[in-house]
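Protein chains: 2
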Amino acid sequence: MKSIPLLLMGCGGVGRQLLHHIIDTRSLHAKQGLLLRVVGVSDSQTLVVAPDVFTTGLNDNYLAELCRLKSSGSSLTAMNKFGECQIFKNFEVTKKIVDVAALLGRSTGLVLIDCSASSETVGLLNRAVDLGCCIVLANKKPLTSKIEDYENFVLNLRQIRCESTVGAGLPVITSLIRIIASGDTVHRVVGSLSGTLGYVMSELEDGKPFSQVVRAAKSLDYTEPDPRDDLGGMDVARKGLILARLLGLKINMDDIKVDSLYPDEMGPCLMTIEEFMDKGLPLIDKDIAERVQKSSSEGNVLRYVCTIEGSRCQVGLQELPKNSPLGRLRGSDNLVEIYSRCYKKLPLVIQGAGAGNDTTAAGVLADVIDLQDRFP
Amino acid sequence: MKSIPLLLMGCGGVGRQLLHHIIDTRSLHAKQGLLLRVVGVSDSQTLVVAPDVFTTGLNDNYLAELCRLKSSGSSLTAMNKFGECQIFKNFEVTKKIVDVAALLGRSTGLVLIDCSASSETVGLLNRAVDLGCCIVLANKKPLTSKIEDYENFVLNLRQIRCESTVGAGLPVITSLIRIIASGDTVHRVVGSLSGTLGYVMSELEDGKPFSQVVRAAKSLDYTEPDPRDDLGGMDVARKGLILARLLGLKINMDDIKVDSLYPDEMGPCLMTIEEFMDKGLPLIDKDIAERVQKSSSEGNVLRYVCTIEGSRCQVGLQELPKNSPLGRLRGSDNLVEIYSRCYKKLPLVIQGAGAGNDTTAAGVLADVIDLQDRFP
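Those sequence lines, one after another, are chains A and B.
Here our numbering is used: the first residue of the first sequence is 1, the next is one more, and so on.
Here our numbering is used: the first residue of the second sequence is 1001, the next is one more, and so on.
One chain only, chain A, in its complex shape:
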């Protein structure tokens, strides 16, 4: 039996779902000779660690209890009630994770899993890579920091997996990495990478006013609490940056032209969410309706996409042929078109649900299993 030690950072929705997946797949992985041994779990302030990281893991009852505790909104500090473990707090957390990485990195190996949303894990991840650990990311931030840090981080790209940072579990990054490895030259990537904006564009296509569509999306819980977090396009830009860098572009977030679907004067500093929803949105309706109308009259449809071509990455509304994969897209699925030497006229297309804790955590687990050959 090959034992793969894991340390999970972040036990929000994705992290907890991952722990459930690990518990649920024990027998499946045992059949393949694999044992996933969770040696530690941290949230933003606390870390719980198995008594002896070389030989033990936090057992499944303990992990299930931990998930229950976290989903009730409590802190990890109460976890010593539920079984033998070491508990570390605040500034001790990072120090202890580095200790574990140093102990296991070059001996048994360790997968450090980042399911947090923090921009502060990157230093720790860098050290862990240097110590021989593998990294699996659902957190986009370590891949969207400034280019010098990124290049330093990915020097040992084979130790890193990050499928769930773009399109949740959809095999977008896996496929791009295969294409690049085969020497196929990627000319262009165009993707609808936000389920929310995919839904919005598809409703607009049916002739509904923008304000009505956004309100409906919010009431269906398709948007962030402040819908401007979706409409601004920054989340799409972060995913675009990750793909662009994989393709070799040495760019930063600042280099991406991002077209927001609302004007600056309706920004969060100038309008409350309620003002934006009630008074702001209707002021945008006419402009967007005209753009929808114009593209339709030319046989096109309007999509909110990320486009990577040549040395440029841009995010915003684009007119696309009605009769193309992105043009035919309806609803909240993500869809990525990859044009390359092998997929020249007609792209390689990957489409499916691009959000949700279940599929995101499934992508993380597939990444972990994909690393198994790096373990003794």
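Worth flagging that the hints you see were computed from the coordinates, not collected in a lab.
It cannot be assumed that every hint is accurate.
Covered stretches of chain B, as calculated for chain A (at least 3 residues, CB under 8 Å) [claimed, not checked]:
#, region
1, 1019-1027
2, 1271-1283
3, 1308-1315
4, 1346-1360
Every residue gets a Cβ at the ideal spot worked out from N, C-alpha and C, and that includes glycine.
Mind docking chain B on chain A? Use the hints.
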């Protein structure tokens, strides 16, 4: 620099394209610290091997010369003119490949690449796996032999890659393996896995008669020399069997219900190609036109697909909603819909060119690179 020794069996179109890709990607792979060292190449009768398989490889000029020779229809026996090599013939070929596999398998490692179309490589591949070698397949036959042989062969599945056996370079198998590894449960896979039949169905949808469409496809070189090799569905069934077995179905080719697009009495033993094209085909027109008409009247379209669901795999015409990924498919692209716990109502969709030497060889090369962590 990590050196990965390769031995290529089969130097038809895909094998030769692979050698070209290997030569063309040398600098790309060197940047990642990889050296692909081609220690031997065989066709059906001859094997050429580098002088010392531990330290040398056949050099790029030699490999380019080999490609030229083979594309001109010559045998590999003439290769000693072009550089230092050992040449083996007929019954010596397999014996020598086993020797190389034994020498390298447990020391430096070896990737044995099967780009042949032979059903006789499976014994050799089995021995190579036992000797610690990795296997990359473009050849479908080793995965479609009887289930006992298959199960024996895939006992060490991590040593085997086979992306190019289904949909050429499309990441269908990679994606399925990720989904399975993550513990996601696959309920149903439906795929249009023949570019030829995809083209035919899409032309039928436009109201053209079957006979006319098949004749056009033949004159465009979209079909095999005998179009019945496509229309019979056996190639689709072989791909379906590979996917079904990956999903855990313990079935053989015989267990797959295959609906041919021509009746038995028009088979190759009873009609020449010309008779079939001139007299046979028009007799099928009415029946197929009725089926196209019927499905259209119900808001559906007719597709020739492979369906894997529960414990069954079947191949043939199926009515699918016009407004589904397969329903919207046009032309010769392959398309696979995967329904699972994570992709329940709306499937994970992978679409793109599913044939061609360039993309098939690119898939093989991506598989080789994917094995790098198994090499010291």
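Here's how the hints hold up against the structure:
Here the region 1019-1027 of chain B counts 3 residues with a CB under 8 Å from a CB of chain A, which clears the bar of 3, and the coverage holds. Under the rule that three or more residues need a Cβ within less than 8 Å of chain A, the assignment of the region 1271-1283 of chain B is violated, with 0 such residues. Interface restraint, the region 1308-1315 of chain B with chain A: violated (0 residues with C-beta to C-beta distance below 8 Å; minimum three). Coverage of a stretch by a chain is defined here by at least three residues with a beta carbon nearer than 8 Å to that chain's beta carbons; for the region 1346-1360 of chain B and chain A the count is 11, and the condition holds.
When each numbered hint is compared with the structure, violations occur for hints 2, 3.
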